[in-house]
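Asks: With chain A held as given, fit chain L onto it using these hints.
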Amino acid sequence: MAEIPQRLEGPEIGRGVQAHRLADDLMVINMGPQHPSTHGVLRLVLTLEGETVLDCNPVVGYLHTGIEKNAEYRTWVQGVTFVTRADYLSPFFNELAYCLSVERLIGIEAPARAQAIRVMLCELNRIASHLVWIATTGLELGAISVMLYGFREREAIIDIFEAITGLRMNHAFIRPGGLVMDLPEGAEDSIRRMLLHLDARTDELEDLLSGNPIWIERNRGVGVLDAETCKAWGVTGPLLRAAGIPFDLRKTNPYSGYERYEFDVPTREEADCYARYEVRIAEIRESLRIVEQVLDSLPGGPVMEDDPKVAWPAQLEVGPDGIGNSEAYVRHIMEESMEALINHFKIVTQGINVPAGEVYTAVESPRGELGFFVVSEGGARPYRVRIKDPSFVHVQALPQMVTGGLVADVVASVASADPVMGGVDR
Amino acid sequence: MDAEQLAERLRGRFPDVIVARGEVTVTIARKELVDAIAFLRDEPELEFDLLSDASCTDWPGRDPRIWMAYHLYAMARHHRVRVKVGLPEGDLHVPTITALHPSANWHEREMFDFFGVIFDGHPDLRRIELPDEWEGHPLRKDEPLGGVPTRYHGAHVPPPDERGL
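Here the protein sequences come in this chain order: A and L. No gaps in the numbering here: position 184 of the first sequence is 183 in numbering that gives the first Met the number 0, and each next residue is one more. No gaps in the numbering here: position 135 of the second sequence is 134 in numbering that gives the first Met the number 0, and each next residue is one more.
Read the hints as simulated data drawn from the structure, not as lab findings. All C-beta atoms in this analysis are idealised placements derived from N, C-alpha and C, irrespective of residue type, glycine included. Do not rely on the hints blindly, as some may be mistaken.
Chain A regions said to be covered by chain L (calculated; three or more residues, Cβ under 8 Å) [stated by the list, open to error]:
#1 63-77
#2 165-178
#3 225-235
#4 351-359
#5 368-374
Here are some, though not all, of the chain L residues that point toward chain A, as calculated from beta-carbon distances under 10 Å [what the hints assert, rightly or not]:
#6 D52
#7 N104
#8 I127
#9 D141
#10 G145
#11 P148
#12 T149
Here chain A stands alone, though its shape is the one from the complex:
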């Protein structure tokens, strides 16, 4: 028998496990970073005794892209195109939280129509994100048809996003002061049609899973994280609501006019993976309700703050390769108005100016509290853009869920936390 070292060297091997316990029957294994069920590039270093998880150490950083640092070298408006890429399954939430922060620093509020459209896009995005969650969770627990259906329904939402913003993901559609442009013709009708369709398809997904004995067996009583542990580890969103706490920033600290819409905050008491499933399905229905209300009460008017020092000067339209300056606008600045050309040049090359100060703005993303701590020293560039992503906090809390359980339940627990590595690593 090979001699067992007193203490294993290396940054994370066996951390938390007493050296004397590292006997022959303990196994340290890497789950990830390229395991199919680790949601991207999450790596878990598991210490196993047979099938039981004695210790779990999440290792992150494989998707770090320096979004926070990059934002310091770009204009305030360019910042949107960076932050939208953090949590790539909920791009509108990143944009919204960032833009709300910039607007609060300037001291403006987006026009009513822009706010309503923001809410609508965010809720559609929440549904899309939850559908990806149910799809990937289904895949990981062996329900492959659920994966196909989940991604199929999500595609319908993505098509709407593409029609509105020109892009399927990473839209950079919400900008400081409002939106890039108004909804295209016919968008409202196609969203209404999709709502009907989604409502029925949510029932279908639920029919597939809710009474399914395997689904129940894999999720019931697995990955329990009670309310006190959630609070101590900063866990928010569906995980916290599945532990019985009706905490939802849209209700507790409303922003963007959420107080105008009627919706419930679904909660469950069991705090296990199954409760999280139920909460997310219920949230899809609540989001559908909100989108419907937005469409019914969509105010008219502009979608961008009427201030030449803030608003992007160009009229934009969706062209064959995404959003670009409209032809009429190019003619206007090139042939008709010197002043318009000067303003365009100043805003586009120098950007907007934001007064000095600092704000922390939090929105309720599909995963929990998404916070932006934005610091300005006055001028055309952010001084600091800090993204507090809920996935980061939830991955940190994973050991609380999986330690003491079975290794097969690790898959269910990680899936139920719905971490998106783009948000974790930024």
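Replies: Structure of chain L alone, referenced to chain A:
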């Protein structure tokens, strides 16, 4: 309790409390940090029981240079507070608050990684996002962004940190 009332309540305990843009900021000395966070968490009527975020900002040329910002939230009362602590250059030590808020663990590791702040008493202080052998702390202002010039339609576009916006 709105921001002004909260600030008034906090002024009974902390000398430096300001309200700006509807947010309450408490600035304290480094040695008071743990006591202050414990007070904010345990005091009835305040109950800041959730650590929303912990991060910092680098201000080279200023004294203190690094400014910590802890964002606390009260789940039952729905209000927020920001606790700020300044760390002088050359002495970037601050006590950990992981004993009060376990979730601070990774946030503190991240600040160590990106800013080089040392959290005294932290159970597991090592890099989190960057590789272990990385040198430097890239979110500090004196660390360059890096990048290469790009040729576009015959013109050379300098890397982003040399464009001099």
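Asks: Give a verdict on every hint.
Replies: Hints versus structure:
1. Given as covered by chain L, the stretch 63-77 of chain A passes the check, having 9 residues with a CB less than 8 Å from a CB of that chain where 3 are the minimum.
2. Given as covered by chain L, the stretch 165-178 of chain A fails the check, having 0 residues with a CB less than 8 Å from a CB of that chain where 3 are the minimum.
3. For the stretch 225-235 of chain A, the stated coverage by chain L holds: 6 residues have a C-beta nearer than 8 Å to a C-beta of that chain, and at least 3 were required.
4. Proximity of the stretch 351-359 of chain A to chain L, defined as three or more residues with a beta carbon under 8 Å from a beta carbon of that chain, is established by the 4 residues found.
5. By the rule of at least three residues with a Cβ nearer than 8 Å to a Cβ of chain L, the coverage given for the stretch 368-374 of chain A holds, with 4 such residues.
6. Because the beta carbon of D52/L sits about 4 Å from the nearest beta carbon in chain A, less than 10 Å, this interface hint is met.
7. Checking N104/L against chain A: minimum C-beta separation of about 7 Å stays under 10 Å; hint holds.
8. Given the 10 Å rule on beta carbons, the hint for I127/L holds: about 6 Å separates it from the nearest Cβ of chain A.
9. Because the smallest distance between the Cβ of D141/L and any Cβ of chain A comes to about 12 Å, over 10 Å, the interface hint for this residue is violated.
10. A hinted interface residue such as G145/L counts as satisfied when its beta carbon comes closer than 10 Å to some beta carbon of chain A; here the least separation is about 9 Å, so the hint holds.
11. Taking 10 Å as the C-beta contact cut-off toward chain A, the hint placing P148/L at the interface is violated, the least distance being around 14 Å.
12. A distance limit of 10 Å between C-beta atoms decides the matter here; for T149/L the minimum to chain A is near 14 Å, and the interface restraint is violated.
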